[in-house]
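Chemist: Take each chain as given, in its own frame, and dock them per the hints.
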Amino acid sequence: MLDGRGSIRRRSGARLWLSAVWLTLFVLAALLAPWISPHDPLAQDLMLGRLPPAWVAGAEPGYWLGTDSLGRDVLSRIIHGARIALVVALIAGTATCLLGSALGMVAGFYRGWADRLISRLVDIWMAFPPVLFAILLIAVLGTGLTSVILAIVIIDWTRFCRVVRAETLNQSKMDYVHSAKVAGFTRLRTLATEILPNVLPTIIALLTLEMGIAVIVEAILSFVNLSISTDQPTWGGMIAEGRTSIHQAWWVLVFPLVALFLTVLSFAQFGDGLRERFDPVLR
Amino acid sequence: MSGFLEIRGLSARLAGTGQRLLRSVDISLPAGCVRGLVGESGAGKSMIGKAVLGVLPKAVEIIEGEILLDGQDLQKVSPAERRRLIGAKAALIPQDPLTALNPSRRIGPQITDRLVDILGWTKARATTRALEVLAEVSIPEPERIMRLYPHELSGGMRQRILIASAFAAEPKLIVADEPTTALDVTVQKQILKLISELQARHGTALLFVTHDLGVVSKVCDTLSVLYAGKVVEDTTVERFFAAPQHGYSSALLAATPRHTDPSSSLKPVPHEVLETVAAEIAASDAAWRPNGGARG
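Chains as they are written, first to last, in this note's numbering: chain G, 1 to 283; chain X, 1 to 296.
These are computed hints drawn from the structure, not numbers from a lab.
Just so you know, not all the hints are guaranteed correct.
[As the list claims (entries may be wrong)] Okay, the calculated beta carbon distance ranges per label pair: (1) 18(X) <-> 186(G): 33 to 41 Å; (2) 135(X) <-> 32(G): 54 to 62 Å; (3) 135(X) <-> 98(G): 51 to 59 Å; (4) 25(G) <-> 181(X): 50 to 58 Å; (5) 257(X) <-> 173(G): 56 to 64 Å; (6) 148(X) <-> 28(G): 56 to 64 Å; (7) 28(G) <-> 152(X): 34 to 42 Å; (8) 120(G) <-> 61(X): 22 to 30 Å; (9) 202(X) <-> 173(G): 45 to 53 Å; (10) 61(X) <-> 188(G): 45 to 53 Å.
[What the hints assert, rightly or not] Quick list of in silico lysine to aspartate or glutamate cross-link-like pairs, EDC-like style, CA-CA up to 16 Å: (11) 76(X) <-> 64(X); (12) 181(G) <-> 81(X); (13) 181(G) <-> 113(X); (14) 173(G) <-> 96(X); (15) 189(X) <-> 212(X); (16) 181(G) <-> 280(X); (17) 58(X) <-> 115(G).
[To be verified] Partial selection, computed: residues in chain X whose CB lies under 10 Å from chain G: (18) 86; (19) 91; (20) 96; (21) 98; (22) 99; (23) 100; (24) 101; (25) 194; (26) 243.
We treat Cβ as the ideally placed atom computed from N, Cα and C, and that holds for glycine.
Just chain X, same shape as in the assembly (with noise of 0.2 Å):
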């Protein structure tokens, strides 16, 4: 069976140039599952994110491969038809809720203009709505909280209105781009339990960028490891931490630090195992032969 989300063979390079930021990415994502991206900084996680939302930088371009939602591919479309698909059809949790909220504009509006201007819906409909949400993430006083602006509120209460706002237009889809690294610990704990309620309850497919792989095995059920943009798991959590298949899996999943043993110091990954990664993503840059470069 397809899933909601179909990336395949997707490859994208720094423009102009022949540095490759993603090596043939393949990632399915059925309907109501989640499945995390993990990987090391610059790991290209955030990367297919934004390519699933359309919204990454210029200097990125994307040279094959295909990205389908819903069975749409979206590299096939026009870019307004893309807006229009990814905006109906999918939402994102941002990273950091200090930036992700206008501080100019009250929240109410910053959760219902895109109910009213996009999707069509009445004020009136897109004000119960959001009033909705935002008592599902247990906001208390949502009528109030509406009317403030964005630093009146703590960084745990604006991550809960991002999330709120993410599931406002019931999209079947959400990306959740490392939604709990600004926060501290403890609110971490409670907003990765909000969006697991949230996801089950709503059905919803979730892609889920992170680096923790504490995260992970709270959050997903799959999950693909990424190094140097290529795809070198992809495994279920539980085979991946029972047993790990390939060699920077293992290597990323002892690196974790253990709490339990405060005696035991911090495991980079071992040189050797970087070395078989890089030799592995040497082969399959050699073998690989561009053939979508020209498609417009």
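Isolated chain G (complex conformation) (with noise of 0.2 Å):
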């Protein structure tokens, strides 16, 4: 028993702080973007277009991962970039968890016609192509960060509901939850000490796991232009932007991409190694 828990404690260790020190850099460079970005991300320079990172041939001091065919800092743009991404992992990704784990529990646990609305709801909810569905409710919504954030919530709180409510049911039949019962204790307290502790795990490995979805939802509706204005970085408007010199400049596509893939992974990695440390068994 012993060194079964210890090999896995220590392989959840490595991906647990690898990705917890690429998180905490993310978080650091959206706090501190005004500071520590080398150069303003929006200033255009047409003299300094196009220049490769540093270490290509033909680059120029100071613009350590290139400019893009405006003369704009790259690395700058990732940074501030960072923030918006910060912002829709947070938020999107918190309302996101709120709504779909509640609901997923009241019908997990209440079961009867609450149950079946929900359930039928999420049905519904999961025929729509999620992408097609966000470019449709950002043209009602109008573009801008909250309706972006909220085009997330309502997209995708169907993926927690359908894992907490499965959850939810499973713990429902354990014995402690009838123990609960004929002790007197209400049904909400039932859920709350007796269910909840149980189900959370799986509810923070889900909200990390839907952070990374939600800046990639982010990145796809700036892609296709429908997200934050274009006075401001974002890395889906960048990859969109790279895309139409990948041949000239593959380091404005290139960089913002390696960003989103590494936030995302780690918001997974992230999940996976705090949901086996939180879960008593298997810690």
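Modeler: Okay, here's the thing in structure tokens:
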């Protein structure tokens, strides 16, 4: 038992820490963007257009990751883009989590008509292609950060709802839930003390996953120019702009893509690592 | 004299169907006594326990009869009042110690929460009481155990904790739902002894659900033999083991494996006996008229 648990902990340890390091960098970059970015992310200088990154011949000192076709510093834009990504990840991720988990727990614990209603709603929701749904929503809501967050919440709550409902159903069958009922605890109290703590590790894992997904959805919406106004640098917007000059200046596309990739990956790994840490049986 | 727990003419069915699961069950359990509920799987013994504790699955509905707990009919009071009554007077020792404790909460609060939040004790008094009952079920270092998580303890330890937890609030009635089935044989014996001792010391009425006649002979005073949701024999333990009255009871007794004679093969309940019981049940079903079907 002990060595089995020990090895699990060691593996999840490396994963947890590596992803935590990247996420810390990401958060710090977002928070300190105005002070740490070497250039103004919006300053254009056509004389300095399409400068390659620092280690490629023809680079200009001070432009570590090169510049785009309008001469804007790629590194500064990535750092500033992290701000939008962070806001979207935190707010949209948390709101989605709260809405979906609450509905999932209600459906799984109270059953009856509430369950039937919520489950049918989830089925209907999941029949929509998510990206088209998002684009449609933005068209209705109008562009802007709030709309993007709202769109993500409206589309993705089902992801939580289904899993949390299933997990709650499982928990509801446990003897300790019966015992709580015999003891005379109210249903709400039983839900809060007996079921929630056992569903929480799953919710946390899903939440971190969702934060990654939120960043991707925002990038997709930026890519099709439906997210935030173009005077604010976003990773999706940078990728869209870089696409047009991929043959002349690959770095404009590749670096924001790498930032996006690492962030989404780290969120998922961080969540898994946390789940293992939180789960008293795996611990 | 009427018992602390009186079940009279209790019938239940699968909701929305005519499928009867309990057939006019009568059970009387005086305070401080132990009654065994025995029968095959699906005979309805666990269901009676669940009905008493008010935790029947939604798919089962009670169609008639009354369950009197300390003189109060649980079918006639509001659900909230029923919950309060049961919570104050009864407790459950569950079957499987591995799933009966919440894995993500420490042992301590799992025992004390109920004393504090339902019975209105102070935290200090509840903690003292928890330490007391844990010591009573011979758990070493109760202070340390209260801070542990269930997965850090063995199955036998967890069952002891569940027993302690059941006795903590000094209930007048405990329903033990096959409390030793999930344990291995050596631990089973200790746990049975423990339940018996505590029951005798606290004068608790105990409804003991089991399929193990050996267990019944050790723990119970009286027993009800169930078949297909019907009580086919209601007798004392001495009389049951000396001379069972019903054909099914004697067949059940004969089916118990004997360790003293390894050459004897296992005897199933004979077909004729089952046919007789089935005929009896059919006859009583035909005579039965639901009179309380429309009662709220």
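Chemist: Against this structure, judge whether each hint is valid.
Modeler: Now for the hints, and whether the structure bears them out:
1. The hint said 33 to 41 Å for the Cβ distance between residue 18(X) and residue 186(G), and at roughly 34 Å that hint holds.
2. The given range of 54 to 62 Å is respected by residue 135(X) and residue 32(G), whose C-beta atoms sit roughly 57 Å from each other.
3. Separation of residue 135(X) from residue 98(G) is about 44 Å and departs from the stated range, judged on CB atoms against 51 to 59 Å.
4. In this structure, residue 25(G) and residue 181(X) meet the distance hint of 50 to 58 Å, their C-beta atoms being roughly 54 Å apart.
5. For the pair residue 257(X) and residue 173(G), the beta carbons lie near 32 Å from each other, so the given range of 56 to 64 Å is not met.
6. Under the hint 56 to 64 Å, the C-beta atoms of residue 148(X) and residue 28(G), about 39 Å apart, miss the expected range.
7. At roughly 38 Å, the beta-carbon separation of residue 28(G) and residue 152(X) lies within the given 34 to 42 Å, and the hint holds.
8. For residue 120(G) and residue 61(X), the Cβ-Cβ distance of about 26 Å falls inside the hinted range of 22 to 30 Å, so the restraint holds.
9. Separated by about 30 Å at the C-beta atoms, residue 202(X) and residue 173(G) break the suggested range of 45 to 53 Å.
10. For the hinted restraint 45 to 53 Å between residue 61(X) and residue 188(G), the CB-CB distance of approximately 25 Å leaves it violated.
11. Annotation: proposed proximity of residue 76(X) to residue 64(X) holds, straight-line Cα distance about 11 Å (limit 16 Å).
12. Restraint check for residue 181(G) and residue 81(X): the C-alpha separation of about 13 Å stays at or below 16 Å, so the hint holds.
13. In summary, the hint linking residue 181(G) to residue 113(X) is supported, as the alpha carbons are separated by about 13 Å, within the 16 Å threshold.
14. Proposed proximity of residue 173(G) and residue 96(X) is supported: the alpha carbons are some 12 Å apart, at most 16 Å.
15. Between residue 189(X) and residue 212(X) the alpha-carbon distance is near 12 Å, which keeps this suggested pair within the 16 Å criterion.
16. Taking the CA atoms of residue 181(G) and residue 280(X), the gap is about 37 Å. The hint is violated against a cut of 16 Å.
17. Of the pairs offered as hints, the one joining residue 58(X) and residue 115(G) holds, with about 14 Å between alpha carbons and a cut-off of 16 Å not exceeded.
18. Satisfaction of the interface hint for residue 86(X) is found here, the shortest Cβ-Cβ separation to chain G being roughly 6 Å, below the 10 Å cut-off.
19. Taking 10 Å as the C-beta contact cut-off toward chain G, the hint placing residue 91(X) at the interface holds, the least distance being around 7 Å.
20. Interface hint status for residue 96(X): upheld, as the beta-carbon distance to the closest one in chain G is roughly 6 Å, under 10 Å.
21. Evaluation of the residue 98(X) hint against chain G yields a held restraint, the C-beta minimum of about 9 Å falling below 10 Å.
22. Interface hint status for residue 99(X): upheld, as the beta-carbon distance to the closest one in chain G is roughly 5 Å, under 10 Å.
23. Look at residue 100(X): its Cβ gets to within about 4 Å of chain G, closer than 10 Å, so that hint holds up.
24. With its C-beta approaching chain G no nearer than about 6 Å, residue 101(X) sits inside the 10 Å limit, and its interface hint holds.
25. Taking 10 Å as the C-beta contact cut-off toward chain G, the hint placing residue 194(X) at the interface is violated, the least distance being around 18 Å.
26. Because the smallest distance between the Cβ of residue 243(X) and any Cβ of chain G comes to about 37 Å, over 10 Å, the interface hint for this residue is violated.
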